[in-house]
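Novice: Chains as they are written, first to last, in the numbering used here: chain A, 1 to 219; chain B, 1 to 270.
In short, the hints are calculated from the structure, not lab data. Watch out, some of these pointers could steer you wrong.
When the alpha-carbon atoms are kept at most 27 Å apart in a straight line, the in silico DSSO-like pairs for lysine-lysine are as follows [stated by the list, open to error]:
(1) Lys6(A) to Lys31(A)
(2) Lys146(A) to Lys52(A)
(3) Lys214(B) to Lys20(B)
(4) Lys118(B) to Lys137(B)
(5) Lys40(B) to Lys21(B)
(6) Lys145(B) to Lys134(B)
(7) Lys6(A) to Lys137(B)
(8) Lys214(B) to Lys6(A)
(9) Lys134(B) to Lys20(B)
(10) Lys118(B) to Lys136(B)
(11) Lys21(B) to Lys6(A)
(12) Lys145(B) to Lys6(A)
(13) Lys157(B) to Lys136(B)
(14) Lys118(B) to Lys259(B)
(15) Lys6(A) to Lys213(B)
Residues from chain A that face chain B, not an exhaustive set, calculated with beta carbons under 10 Å [what the hints assert, rightly or not]:
(16) Ser2
(17) Lys6
(18) Phe7
(19) Leu11
(20) Asn12
(21) Asp63
(22) Ile66
(23) Leu67
(24) Ile69
(25) Lys71
(26) Asn218
Being a predicted model, the structure only gives us computed values, none of them experimental. Cβ atoms here follow ideal geometry from the backbone N, Cα and C, with glycine treated the same way.
Letter by letter, the chains look like this.
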Amino acid sequence: MSLREKFEFELNSAQEQLIDLSTMAVNALNKSMEALINQDVDAALEVIEGDKDINQLEEFINDRVILLIAKQSPVATDLRRLVVTIKVASDMERVGDYAVNIAKETIRIGNQELLPQITQIQQMQKLAVAMLRQVIDAFVEEDVVKAKEIAELDDQVDELYGDVIRRLMQAGGENPDRLSQITQLAFISRYMERSADHATNIAEQLFYLVRGQHYDLNR
Amino acid sequence: MTTIITNKSASGTEADQTGKKAVYETKQLNLWYGSNHALKNIDLEIMENEVTAIIGPSGCGKSTFIKTLNRMVELVPSVKTSGEILYRGRNIFDNDYGVEELRTRVGMVFQKPNPFPKSIYDNVAYGPRIHGIKKKKILDEIVEKSLRGAAIWEEVKDRLNENAYSISGGQQQRICIARALAIEPDVILMDEPTSALDPISTLKVEELVQELKKDYSIIIVTHNMQQAARISDKTAFFLNGEVIEFDYTDTIFSNPSDKRTEDYISGRFG
Numbered sequence: 001m002s003l004r005e006k007f008e009f010e011l012n013s014a015q016e017q018l019i020d021l022s023t024m025a026v027n028a029l030n031k032s033m034e035a036l037i038n039q040d041v042d043a044a045l046e047v048i049e050g051d052k053d054i055n056q057l058e059e060f061i062n063d064r065v066i067l068l069i070a071k072q073s074p075v076a077t078d079l080r081r082l083v084v085t086i087k088v089a090s091d092m093e094r095v096g097d098y099a100v101n102i103a104k105e106t107i108r109i110g111n112q113e114l115l116p117q118i119t120q121i122q123q124m125q126k127l128a129v130a131m132l133r134q135v136i137d138a139f140v141e142e143d144v145v146k147a148k149e150i151a152e153l154d155d156q157v158d159e160l161y162g163d164v165i166r167r168l169m170q171a172g173g174e175n176p177d178r179l180s181q182i183t184q185l186a187f188i189s190r191y192m193e194r195s196a197d198h199a200t201n202i203a204e205q206l207f208y209l210v211r212g213q214h215y216d217l218n219r
Numbered sequence: 001m002t003t004i005i006t007n008k009s010a011s012g013t014e015a016d017q018t019g020k021k022a023v024y025e026t027k028q029l030n031l032w033y034g035s036n037h038a039l040k041n042i043d044l045e046i047m048e049n050e051v052t053a054i055i056g057p058s059g060c061g062k063s064t065f066i067k068t069l070n071r072m073v074e075l076v077p078s079v080k081t082s083g084e085i086l087y088r089g090r091n092i093f094d095n096d097y098g099v100e101e102l103r104t105r106v107g108m109v110f111q112k113p114n115p116f117p118k119s120i121y122d123n124v125a126y127g128p129r130i131h132g133i134k135k136k137k138i139l140d141e142i143v144e145k146s147l148r149g150a151a152i153w154e155e156v157k158d159r160l161n162e163n164a165y166s167i168s169g170g171q172q173q174r175i176c177i178a179r180a181l182a183i184e185p186d187v188i189l190m191d192e193p194t195s196a197l198d199p200i201s202t203l204k205v206e207e208l209v210q211e212l213k214k215d216y217s218i219i220i221v222t223h224n225m226q227q228a229a230r231i232s233d234k235t236a237f238f239l240n241g242e243v244i245e246f247d248y249t250d251t252i253f254s255n256p257s258d259k260r261t262e263d264y265i266s267g268r269f270g
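Looking at chain B on its own, in the form it has when it is part of the complex (with noise of 0.2 Å):
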């Protein structure tokens, strides 16, 4: 006979619950390119071991915010940033917080696929090389070991010699995901990892995201609320900047509390 489970809380923190900790949290984050006021206030707590999907429209902020959890938004002359992001607790605008430590725990992969003009294998092993890993034997470890969990081993394994243009579009951002797998992150931060691929494709790399999550914090940026509704754990919607709404996907997608999340997410804009 059925048992009847009632539904999980949205309030409160998860950690209360399952004991997962937050590896993001930020804190009165405001950020500034030039006079344009881009993020507002935000104040978002992402935990471990989840999807976490940051929807919205073109221009909302989203991409900002998640190029600001490595500090890669940095690289925009005239940015301008207050409050606090604490990566596992530690502030990463700290000025003694070492930029490049915060890159190697938080590894990121871009809208097109963005493989090195290499061969498939020096992709994968660019990252551990630069980090002065020089046996062969162990770098052969693990690029196999990112390519499988990249879902890409059986598909590239006889041919990791050849360069990495030489494959599908599908096929080099799931290279892009195993690059970044490689040096071991915590995190991995995903813009929009999908927009250029086929359906299938894209369908692939929404299945190993959730073979990802066991091992990883996902943090996903996408313009495709279904994507975000198969496979996140919680939804943030940004609007002008703000985060409008952050909750459990299921509830963001069945009841949301904001009527400007649910025009969004139901087409009325956007």
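Bound-form chain A, shown alone (with noise of 0.2 Å):
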């Protein structure tokens, strides 16, 4: 292998891992919405426990990142897409760190009856993962066209939480005793909505890969 071939093999490695990152993330996030709706408190432990497998690889490839910026001195896109890398890294695993908050509000949350806004809460997490699995796609293709698309998105979540939170309130007053889960159910949604947040900074993150030059997307 040349040296070009093996900072290539390198770079490809770490892209392929960040994938893996961003697989494990998304099932995080999944799966902590899973165990929410079922009630399940063993999958919120183990969505939990999962999230030190996420932290650990997103050290790996921060680590393998920063040696062969140390190593090789890239330049132009080589070095745009390391930076970019390390940023999608962080991303994701701030979604692993939303799924962890889930899970332990769900196991605040136990067996109570849960509020019907949580219908809503469903619609925001499949318009998140859809995002997020759709980002890295488009990463992976380097689409920007599509990455712009998806962004558009974060506006319907947005609009879905600014509903849940009014619903909630509203809900407040109408059930005081129920407080605590209204509370919970409150940051859940937010925590969905950082995490379609997450999914259209990958997207600002492929335009500054694929072009070089910084985009708004979330205005």
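Hints in hand, dock the two standalone chains.
Specialist: Dropping the structure here:
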């Protein structure tokens, strides 16, 4: 293998690990919501436990990229790709953290009957997860058009979020004895909204990678 | 799914982990040019089939160090040494150690390509002839093998009888590497082998070094820190005749333990 081939091999391996990390984080987010819906404390505990692997993989990717930057002095697209890899890894690690937060709320809620607003949070989940999965595909294909479309979906998530919060506030007035669950569901909807924001961040990073310029897709 | 491999430990000798042996071990090596104390208490262990880079600012003793490894430094009058250099376990300063034998095991490539004013063929065949090989067929084989080993065979195979000065500097340097390979050395010392070459020739020599380490142990002095970072397994940082830090190249370039190493590799001095 020539030196350039070795470098590309390392670059591709880091990218493959980033895809693995993304899959792990998105699966954790899905699983945390399933645990909430099914009121399955064991599944919630598994999500919390699994976050260690996500964190470890993010650190591993970072170390690998830092070593490549230190040893190979990459420039132009190579350099952008490495910087973007670190940033996207950080976004995905954060999504994993939201999954943990949701799992913790799930444990707190235990077997209390869930409020009906959970249905809208599930809609948010579907959108956020779809955005995250598609943005990773767009990333692999370096498809900025697709990335822009994904970022546009964020408006729907934000709308749903506003709606969920309004309804939860309303429910608070009607059911003062359930304030604790209302607060927990408000947090969970916030985590979903933030997860979708990270999908938008990743779309922006893809623009930076492909075009070398910064774009704000989250207006 | 990804498996995470923990970073290899930088401490301890690699012989423990990979079964590699040390080619060179220096023990409290000191060297003086007259009253100038050029190398101070150098303790280094250099492993086989690795590329070991020596970096440091001008005058830090790095060239002196590698010239000591084949005792070439003794050509300078007024040189005095103390301590030991064990090559494959034997002290090269022992009275009964033959310097010629040492130099057949340890080849050297210099900063500027220095082919003999002879044909390409004769340059590469020079060493084997001195060692008594006369048969044309055997010499032909050695020349081809060495030129292939130095990744230059395809470029010169049709002009072996041309003068070695008729080819480019980058090609001449690879001829010099082929000349070093022709005596089937164990170790190749390289003293800034690419500093006189253009970037493409530099890249070719760097790639060659990567290939050669499968069969040889390579010690390379370089002013080009990125070169050390790209091609070496371990790096020693020399300063004022002392080894400040010696570690895996990955560690030296991502997380050196001595501030002076960090200052040097980040261009704060030197």
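Novice: Taking 27 Å as the top limit, are the C-alpha atoms of lysine 134(B) and lysine 20(B) close enough?
Specialist: Violated, at roughly 35 Å.
Novice: Just to be careful, I want the Cα atoms of lysine 6(A) and lysine 213(B) compared with a cutoff of 27 Å; is the pair within it?
Specialist: holds, 16 Å
Novice: Take a quick look at whether lysine 214(B) and lysine 6(A) sit within 27 Å of each other, Cα to Cα.
Specialist: This hinted pair holds, its Cα atoms lying about 16 Å apart.
Novice: Holds or violated: lysine 6(A) with lysine 137(B), Cα cutoff 27 Å?
Specialist: Violated. Lysine 6(A) to lysine 137(B) sits at ~38 Å, over the 27 Å cutoff.
Novice: Can we keep the asparagine 12(A) interface hint, with Cβ of chain B closer than 10 Å?
Specialist: Result: violated, 13 Å to nearest chain B Cβ.
Novice: Given asparagine 218(A) as an interface hint, is the shortest Cβ-Cβ distance to chain B below 10 Å?
Specialist: violated, 30 Å
Novice: Does lysine 31(A) lie within 27 Å of lysine 6(A) when you go C-alpha to C-alpha?
Specialist: violated, 37 Å
Novice: With a cut-off of 27 Å on the C-alpha distance, tell me whether lysine 157(B) and lysine 136(B) pass.
Specialist: Distance ~16 Å between lysine 157(B) and lysine 136(B) Cα, so the pair holds.
Novice: If you take the shortest Cβ to Cβ gap from aspartate 63(A) to chain B, is it below 10 Å?
Specialist: Given a least distance of 7 Å, the restraint on aspartate 63(A) holds.
Novice: Any CB of chain B closer than 10 Å to the CB of isoleucine 66(A)?
Specialist: At about 6 Å, which falls below the 10 Å cut-off, the nearest Cβ of chain B leaves the hint on isoleucine 66(A) intact, so it holds.
Novice: At a threshold of 10 Å, is the proposed contact between lysine 6(A) and chain B supported by beta-carbon distances?
Specialist: This hint holds: lysine 6(A) lies near chain B, its Cβ roughly 8 Å from the closest one there, short of 10 Å.
Novice: Taken at face value, is the distance from the CA of lysine 259(B) to the CA of lysine 118(B) at most 27 Å?
Specialist: Given pair lysine 118(B), lysine 259(B) is violated - Cα atoms ~48 Å apart, limit 27 Å.
Checked against the numbered hints given earlier, the structure breaks hints 1, 2, 7, 9, 14, 19, 20 and 26 and satisfies all the rest.
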